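When you get a sec, could you build the whole thing from the sequences and use the hints?
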Amino acid sequence: RKEVEQDPGPFNVPEGATVAFNCTYSNSASQSFFWYRQDCRKEPKLLMSVYSSGNEDGRFTAQLNRASQYISLLIRDSKLSDSATYLCVVNSGTGRRALTFGSGTRLQVQP
Amino acid sequence: NAGVTQTPKFRILKIGQSMTLQCTQDMNHNYMYWYRQDPGMGLKLIYYSVGAGITDKGEVPNGYNVSRSTTEDFPLRLELAAPSQTSVYFCASSYFEGARGANVLTFGAGSRLTVL
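Protein chains in written order, with the numbering used here: chain W, -7 to 103; chain S, 7 to 122.
The set of hints was computed from the structure by calculation and includes no laboratory data.
For clarity, every value in this text was computed on a predicted model and none was experimentally measured.
Don't take each hint at face value.
[What the hints assert, rightly or not] Label pairs and their computed distance ranges (CB to CB): (1) S:G59 <-> W:R68: 42 to 52 Å; (2) W:N47 <-> S:L122: 27 to 37 Å; (3) W:R51 <-> S:E85: 44 to 54 Å; (4) S:S90 <-> W:R(-7): 16 to 26 Å; (5) W:A21 <-> S:Q28: 30 to 40 Å; (6) W:R(-7) <-> S:T11: 31 to 41 Å; (7) W:S60 <-> S:F16: 39 to 49 Å; (8) S:M47 <-> W:D49: 22 to 32 Å; (9) W:E48 <-> S:P45: 25 to 35 Å; (10) S:I21 <-> W:S44: 47 to 57 Å; (11) S:I60 <-> W:C32: 32 to 42 Å.
Every residue, glycine too, gets a C-beta built ideally from N, C-alpha and C.
Okay, here's the thing in structure tokens:
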């Protein structure tokens, strides 16, 4: 089983739609969680951290379920500019080797 | 601030050639990393460094070497290039949020390497 698994997509949604991505992780000792966004042929950039109580940043909401070992990202009112690949990243400890990236979920928002 | 700067952006190598990918950061981050990303795949850690003079292997270190003589610079050396090393290489640096045990990464723009 991969350490961090994501549905590769693509998710094709119309503008204005709500879309959700899930990510599962295998290490129950994982301590911190992030969503990164990667545009085509560009570097990944931090979208948001994921806190235990869940957190929201504008149209984006991240949730963590430790019992089931998954995190989610919800995007409301999708914009064309949200088209990108969303990478789930898990930090399994304080070691520098511990950052593990999922393969990413591709989102295509259509007009 | 420039952030993390990588050079070159593109390079084509012949099998067996060697080259160095340069990475510099101006954020005074202690931690630096090299990742590779193959098409449709996630990022895989090649090497990392927790400070000047300290480096360690990541998940896929074979065929690569690194050095960290200063806080700012973390070059990646490819010896005897092979087609399997065709990939996009990302350098990153991070600070450590001790309270949450979290590393937040800032990436360079990437170096696209093709080995023919």
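Verification of the hints:
1. For the pair S:G59 and W:R68, the supplied restraint of 42 to 52 Å holds, since their beta-carbon distance comes to about 47 Å.
2. With their beta carbons about 46 Å apart, W:N47 and S:L122 fall outside the hinted range of 27 to 37 Å.
3. Between W:R51 and S:E85 the beta carbons are some 47 Å apart, a value that agrees with the proposed interval 44 to 54 Å.
4. A hinted range of 16 to 26 Å for the beta carbons of S:S90 and W:R(-7) is consistent with their spacing of about 25 Å.
5. A C-beta distance of roughly 36 Å is found between W:A21 and S:Q28, which places it inside the suggested range of 30 to 40 Å.
6. Taking the beta carbon of each, W:R(-7) and S:T11 are about 37 Å apart, inside 31 to 41 Å as hinted.
7. Range check, W:S60 to S:F16: Cβ separation about 43 Å, and the 39 to 49 Å hint holds.
8. Range check, S:M47 to W:D49: Cβ separation about 27 Å, and the 22 to 32 Å hint holds.
9. Evaluation of the 25 to 35 Å hint for W:E48 and S:P45 yields a pass: the beta carbon distance comes to about 33 Å.
10. Judged by the Cβ atoms, the range 47 to 57 Å given for S:I21 and W:S44 holds: they are separated by roughly 49 Å.
11. Judged by the Cβ atoms, the range 32 to 42 Å given for S:I60 and W:C32 holds: they are separated by roughly 35 Å.
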